[in-house]
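Undergrad: Now for the letters of each chain:
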Amino acid sequence: MAKFQKKRGSAKPEISTASLPDIIFMLLFFFMVVTVLRNAELMVTVVVPKATELTKLERKSLVHYIYIGKPVKKYIRIYGTKPRIQLGDKFINEDHLGNELTLFIEKHKIKVDEAQHGLITSSLRVDGAVTMGIIQDVKTELRKAGQLKVNYSAQPRPK
Amino acid sequence: MARKKERLSNEINAGSMADIAFLLLIFFLVTTTIDVDKGIPVKLPPWSEEEPDIQKLKDRNVFGVLVNAQNQLLVRKAPANIEDLRERTKEFISNPTMRSDLAEKPTAAIISLKNDRGTKYETYLRVYNELKAAYNELWDDECMKMYNIHYSEDLPIAYKKAIRKKIPFVISEAEPTSFGEEN
Numbered sequence: 001m002a003k004f005q006k007k008r009g010s011a012k013p014e015i016s017t018a019s020l021p022d023i024i025f026m027l028l029f030f031f032m033v034v035t036v037l038r039n040a041e042l043m044v045t046v047v048v049p050k051a052t053e054l055t056k057l058e059r060k061s062l063v064h065y066i067y068i069g070k071p072v073k074k075y076i077r078i079y080g081t082k083p084r085i086q087l088g089d090k091f092i093n094e095d096h097l098g099n100e101l102t103l104f105i106e107k108h109k110i111k112v113d114e115a116q117h118g119l120i121t122s123s124l125r126v127d128g129a130v131t132m133g134i135i136q137d138v139k140t141e142l143r144k145a146g147q148l149k150v151n152y153s154a155q156p157r158p159k
Numbered sequence: 001m002a003r004k005k006e007r008l009s010n011e012i013n014a015g016s017m018a019d020i021a022f023l024l025l026i027f028f029l030v031t032t033t034i035d036v037d038k039g040i041p042v043k044l045p046p047w048s049e050e051e052p053d054i055q056k057l058k059d060r061n062v063f064g065v066l067v068n069a070q071n072q073l074l075v076r077k078a079p080a081n082i083e084d085l086r087e088r089t090k091e092f093i094s095n096p097t098m099r100s101d102l103a104e105k106p107t108a109a110i111i112s113l114k115n116d117r118g119t120k121y122e123t124y125l126r127v128y129n130e131l132k133a134a135y136n137e138l139w140d141d142e143c144m145k146m147y148n149i150h151y152s153e154d155l156p157i158a159y160k161k162a163i164r165k166k167i168p169f170v171i172s173e174a175e176p177t178s179f180g181e182e183n
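Listed in order, the protein sequences are those of chains Z and S. Residue numbering for the first sequence follows this note's numbering, beginning at 1 and increasing consecutively. Residue numbering for the second sequence follows this note's numbering, beginning at 1 and increasing consecutively.
These are calculated hints, taken from the structure and not from any lab test. The reader is advised that the hints may include incorrect statements.
Okay, derived cross-link-like pairs now, DSS-like style, lysine-lysine, Cα gap no bigger than 27 angstroms in a straight line [said to hold, decoys possible]:
hint: 1; chain 1: Z; residue 1: K139; chain 2: Z; residue 2: K56
hint: 2; chain 1: Z; residue 1: K90; chain 2: S; residue 2: K105
hint: 3; chain 1: Z; residue 1: K111; chain 2: S; residue 2: K43
hint: 4; chain 1: S; residue 1: K56; chain 2: S; residue 2: K105
hint: 5; chain 1: S; residue 1: K161; chain 2: Z; residue 2: K149
hint: 6; chain 1: S; residue 1: K145; chain 2: Z; residue 2: K149
hint: 7; chain 1: S; residue 1: K58; chain 2: S; residue 2: K105
hint: 8; chain 1: S; residue 1: K114; chain 2: Z; residue 2: K82
hint: 9; chain 1: S; residue 1: K160; chain 2: S; residue 2: K105
hint: 10; chain 1: S; residue 1: K165; chain 2: Z; residue 2: K107
Covered, in the sense of this in silico footprint (three residues per stretch, anywhere, with C-beta under 8 angstroms from a C-beta of chain Z), are these stretches of chain S [stated by the list, open to error]:
hint: 11; stretch: 83 to 90
hint: 12; stretch: 154 to 162
We treat Cβ as the ideally placed atom computed from N, Cα and C, and that holds for glycine.
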């Protein structure tokens, strides 16, 4: 008859696992710092129109965003109710559109490899209710700045 | 008798694992946004001080689309519906019945788009979408004829170039008029 040895209580753990959560926190902070989720806070309300002929924006690092729309509620007091242009993460003065846009594009180009400057795309996130005047100005300034690759942001629409 | 080595029992306190999981979850919920990342790609024409010369083109090769501040369409100087735009554009470019008032050949076809500063962006994009769709459908038909596969952006560049050479994408956008109210 085999003797079944009773388990004498729980054995002492030889590997201290108390530091495991610390390691995981380190990993977490590492990712929090490295993956800078560049989703700029939207200061204008933008509801993009629907379209069917859409292509995905590849290589997010080569894309910068131009938002045009009415300012969000909390900014209406300061910036008014007319549609405004938000480059990246701040409003700009429409009278200096050309200079501001060129500056914005150059700032982006600095972060991008020289060889890929030609692949940089401007994503125009424009609210459907905005009239073409302001958009036309932006397009003209983009052409003057040599930024010809543009993408009109849109939601998919069932065909 | 040699005593069996005491078995190591792993005593990881799993209570904090759940907290860590929730932390990560909340982090990602807060920092990521459901962003729209699709759109209609456009190549803007290079800037030049002079107006492009369109007088040299034959009338039959130009498909004029005007959108006014009331978001109404005028196609080739006659009011039109946006639903018909796609078919009419396709017919204009391909000209299957060789009509004398439509394009001579697809390589000579030019679409001229003009809007008003008061036109809504939504309407403009809808019109642009229909024109692009017309081209996409024509390219698809051509691709089926030539290579027996469907046209898509992932096709090898050589194929795409060959098809776009036969049916070039030419949409000329003119300076907008300013009759309407801008917002």
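Undergrad: Against this structure, judge whether each hint is valid.
TA: Hint check:
1. Proximity of Z/K139 to Z/K56 is assessed by CA-CA distance (about 21 angstroms); at most 27 angstroms being required, the pair is judged to hold.
2. Only pairs whose Cα atoms come within 27 angstroms are accepted, and Z/K90 paired with S/K105 is rejected, the gap being roughly 48 angstroms.
3. A C-alpha spacing of about 22 angstroms is found between Z/K111 and S/K43, which places the hinted pair at or below 27 angstroms, so the restraint holds.
4. Of the supplied pair hints, the one linking S/K56 and S/K105 holds, its CA atoms being roughly 17 angstroms apart against a limit of 27 angstroms.
5. Our distance criterion of 27 angstroms between C-alpha atoms is met by S/K161 and Z/K149, whose separation comes to about 18 angstroms.
6. The hinted pair formed by S/K145 and Z/K149 fails the criterion: a straight-line CA distance of about 30 angstroms is larger than 27 angstroms.
7. Under the criterion of a C-alpha separation no larger than 27 angstroms, the hint pairing S/K58 with S/K105 is consistent with the structure, at around 12 angstroms.
8. Using a Cα cut-off of 27 angstroms, the hinted pair S/K114 and Z/K82 holds, with the two alpha carbons roughly 24 angstroms apart.
9. Distance hint between S/K160 and S/K105 is fulfilled; the C-alpha atoms sit about 19 angstroms from each other, no more than 27 angstroms.
10. Note on S/K165 and Z/K107: the hinted pairing is violated, with a Cα-Cα distance of about 36 angstroms set against a maximum of 27 angstroms.
11. Only residues whose beta carbon comes within less than 8 angstroms of a beta carbon in chain Z count, and the stretch 83 to 90 of chain S has 0; fewer than three means the coverage is violated.
12. For the stretch 154 to 162 of chain S, the stated coverage by chain Z is not satisfied: 0 residues place a CB nearer than 8 angstroms to a CB of that chain, which falls below the threshold of 3.
The structure is inconsistent with the numbered hints 2, 6, 10, 11, 12, although it conforms to all the rest.
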